[in-house]
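Each chain, letter by letter, is given below.
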Amino acid sequence: EAGVAQSPRYKIIEKRQSVAFWCNPISGHATLYWYQQILGQGPKLLIQFQNNGVVDDSQLPKDRFSAERLKGVDSTLKIQPAKLEDSAVYLCASRRGQGEGADTQYFGPGTRLTVL
Amino acid sequence: KQEVTQIPAALSVPEGENLVLNCSFTDSAIYNLQWFRQDPGKGLTSLLLIQSSQREQTSGRLNASLDKSSGRSTLYIAASQPGDSATYLCAVIDSGYALNFGKGTSLLVTP
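Each protein sequence line maps, in turn, to chains A and B. When we follow our numbering, the leftmost residue of the first sequence carries the number 8, and every step to the right adds one. When we follow our numbering, the leftmost residue of the second sequence carries the number 206, and every step to the right adds one.
Quick caveat, the hints were computed from the structure, so don't treat them as lab data. Worth double-checking, as some hints may not be accurate.
In the DSS-like style, the derived pairs of lysine-lysine whose C-alpha atoms are separated by at most 25 angstroms in a straight line are [stated by the list, open to error]:
no.: 1; chain 1: A; residue 1: 69; chain 2: B; residue 2: 206
no.: 2; chain 1: A; residue 1: 69; chain 2: A; residue 2: 90
no.: 3; chain 1: A; residue 1: 85; chain 2: A; residue 2: 22
no.: 4; chain 1: B; residue 1: 206; chain 2: B; residue 2: 273
no.: 5; chain 1: A; residue 1: 51; chain 2: B; residue 2: 247
no.: 6; chain 1: A; residue 1: 18; chain 2: B; residue 2: 308
no.: 7; chain 1: B; residue 1: 247; chain 2: A; residue 2: 90
no.: 8; chain 1: A; residue 1: 51; chain 2: B; residue 2: 273
no.: 9; chain 1: A; residue 1: 90; chain 2: B; residue 2: 308
no.: 10; chain 1: A; residue 1: 85; chain 2: B; residue 2: 247
no.: 11; chain 1: B; residue 1: 206; chain 2: A; residue 2: 51
no.: 12; chain 1: B; residue 1: 247; chain 2: A; residue 2: 18
Short derived list, chain A residues pointing at chain B, Cβ under 10 angstroms [claimed, not checked]:
no.: 13; residue: 38
no.: 14; residue: 47
no.: 15; residue: 51
no.: 16; residue: 62
no.: 17; residue: 98
no.: 18; residue: 99
no.: 19; residue: 100
no.: 20; residue: 104
no.: 21; residue: 108
no.: 22; residue: 110
no.: 23; residue: 112
no.: 24; residue: 114
no.: 25; residue: 115
From the three backbone atoms N, C-alpha and C, an ideal C-beta is built for every residue, glycine too.
The task is simple: from the sequences and hints, build the whole structure.
Given below as structure tokens:
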């Protein structure tokens with residue numbers, strides 16, 4: 008079974024520029040999460056999707072961050088415009104939601120964003 | 206708001222030692238608790254998931270326990286090896302299945 012795929016792995020941009028990250032979850036996983044991990048911290052949930060609907064986006068800075076999950080599979084996370092404090096690793100995770108191993112979240116390798 | 210604390214923040218031990226990593230949380234109304242490993246520049250690897258009705262889970266040299274009433278979990282690593290060097294993250298899962306993470310314990314096992 009292929010794992011969670013993310014791209015790009017690294018991105019360097021200037022502040023006020025835009026950036027987009029892509030995530031492809033494990034096949035058949037209904038729930039998809041985006042987390043932000045700042046250096047030295049644990050990951051923080053940004054948004055949670057169930058199929059193509061948003062379950063929780065309470066910690067997403069909606070003035071600059073947006074996310075979508077078209078057709079309930081792939082997802083993109085966008086930042087526009089970026090700020091210095093957005094420098095972090097952005098992790099995507101997915102969860103099956105039913106059956107054996109339903110509750111375990113599987114993480115992708117992350118995208119490391121540096122904002123200069 | 207759920208707060209998750211991990212102690213110690215960093216730990217260095219010689220190879221072969223048994224060790225314990227601690228995790229505490231403020232709200233005992235959790236759904237599950239999950240321990241992860243994170244290697245530098247890599248994503249998170251799930252080690253153990255303990256459901257709220259369980260007291261412990263074991264996988265190889267790893268054993269995780271959960272005491273909901275006291276808001277604590279421990280990860281026990283037996284006979285540590287240099288390959289165990291990584292950051293270990295504890296995450297509490299709420300009813301919405303979102304993870305609330307601690308800051309992690311950075312473990313170094315020296316040969």
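We went through each hint and held it up to the structure:
{"no.": "1", "hint": "A/69 x B/206", "verdict": "holds (21 angstroms)"}
{"no.": "2", "hint": "A/69 x A/90", "verdict": "holds (14 angstroms)"}
{"no.": "3", "hint": "A/85 x A/22", "verdict": "holds (14 angstroms)"}
{"no.": "4", "hint": "B/206 x B/273", "verdict": "holds (16 angstroms)"}
{"no.": "5", "hint": "A/51 x B/247", "verdict": "holds (16 angstroms)"}
{"no.": "6", "hint": "A/18 x B/308", "verdict": "holds (24 angstroms)"}
{"no.": "7", "hint": "B/247 x A/90", "verdict": "holds (24 angstroms)"}
{"no.": "8", "hint": "A/51 x B/273", "verdict": "holds (22 angstroms)"}
{"no.": "9", "hint": "A/90 x B/308", "verdict": "holds (23 angstroms)"}
{"no.": "10", "hint": "A/85 x B/247", "verdict": "holds (21 angstroms)"}
{"no.": "11", "hint": "B/206 x A/51", "verdict": "holds (13 angstroms)"}
{"no.": "12", "hint": "B/247 x A/18", "verdict": "holds (15 angstroms)"}
{"no.": "13", "hint": "38", "verdict": "holds (6 angstroms)"}
{"no.": "14", "hint": "47", "verdict": "holds (7 angstroms)"}
{"no.": "15", "hint": "51", "verdict": "holds (7 angstroms)"}
{"no.": "16", "hint": "62", "verdict": "holds (6 angstroms)"}
{"no.": "17", "hint": "98", "verdict": "holds (6 angstroms)"}
{"no.": "18", "hint": "99", "verdict": "holds (9 angstroms)"}
{"no.": "19", "hint": "100", "verdict": "holds (8 angstroms)"}
{"no.": "20", "hint": "104", "verdict": "holds (8 angstroms)"}
{"no.": "21", "hint": "108", "verdict": "holds (9 angstroms)"}
{"no.": "22", "hint": "110", "verdict": "holds (6 angstroms)"}
{"no.": "23", "hint": "112", "verdict": "holds (6 angstroms)"}
{"no.": "24", "hint": "114", "verdict": "holds (4 angstroms)"}
{"no.": "25", "hint": "115", "verdict": "holds (5 angstroms)"}
In this structure, none of the earlier numbered hints is contradicted; all agree with it.
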